[in-house]
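S.K.: Okay, here's what each chain looks like letter by letter:
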Amino acid sequence: MQKMYSETPRPEHVEKNLVPKGETIKFLLDYSKALSVIDYNKLKFEALLN
Amino acid sequence: MFNLESIDMKKSIVTDASLVSAYMQGNESALGDLITRHKQRIYSFIYSKVFDRDVAEDIFQDTFIKVIRTLKRGKYNEEGKFLPWVMRIAHNLVIDHFRKNNRMPKFENNDDFNIFSVLSDGALNAEKQLIKGQVENDVRRLIQELPVDQKEVLVMRMYKDMSFKEISEQTGVSINTALGRMRYALINLRKVIDKHNIVLTN
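From first to last, the protein sequence lines stand for chains A and B.
Residues 1 to 50 (my numbering) make up the first sequence, in order.
Residues 1 to 202 (my numbering) make up the second sequence, in order.
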């Protein structure tokens, strides 16, 4: 008998409205607020302020 | 209808370039606007490559961490090309992800198949240990049923790990006789096992 090969369908294949979690975006916004770049003699230093 | 159109117009008035420049001048909310505007497209792109929500989430986060660091350092100079730039960062991070996974292949478990049901650390589990003990006990009992001279040779060879030369020296028979006794011991053991339908499996 002929062998049948199949792939498990991925339901999210068709889903177009995929968005990241709210917590990921909140993290990024908080990270951005905390990150400060300090210029010193043409050098740039990053500092994360809490 | 009119309202929707005016909202669309408002949206297009504030370009990515002006949001980027506002953000670079310290307006933090501009970043929120940029993320909200493009999150779906960027996230869907990443997901379409990795097919894993958690990995997509991580790559999305790493993408924007790069964006934030570059903008804060004032290194961004592609005015008007914000989205293609972010997409390129995401694309590179997706490639990095697959490169890393090639070096350290991961197996995806699902409900039907779990790799840990096949792989083990080589140590016997409690059940296998019990079975092994039972099999060894059965074999010992069967050995007791053998004629004394055969039993003697088999015990020396298998349990005491002696060579046939040593066995011959200790029992005072030739090596060939010791070999013959060992052979008959095994034949007799097999006979008893077959006769009584004893199953010795591990």
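These are calculated hints, taken from the structure and not from any lab test.
Any given hint might turn out to be false.
In silico DSSO-like cross-links for lysine-lysine, where the CA-CA straight-line distance does not exceed 27 Å [claimed, not checked]:
#1 B:K195 <-> A:K26
#2 A:K21 <-> B:K81
#3 B:K39 <-> B:K100
All of these numbers come straight from a predicted model, not from anything done at the bench.
S.K.: Each hint should be assessed against the structure and marked as holding or not.
M.R.: Each hint tested on the structure:
1. Taking the CA atoms of B:K195 and A:K26, the gap is near 75 Å; set against the 27 Å cutoff, the hint is violated.
2. Distance hint between A:K21 and B:K81 is fulfilled; the C-alpha atoms sit about 25 Å from each other, no more than 27 Å.
3. Restraint check for B:K39 and B:K100: satisfied, since their Cα atoms lie roughly 25 Å apart, inside the 27 Å limit.
Hint 1 alone, counting from the list given before, is not met by this structure.
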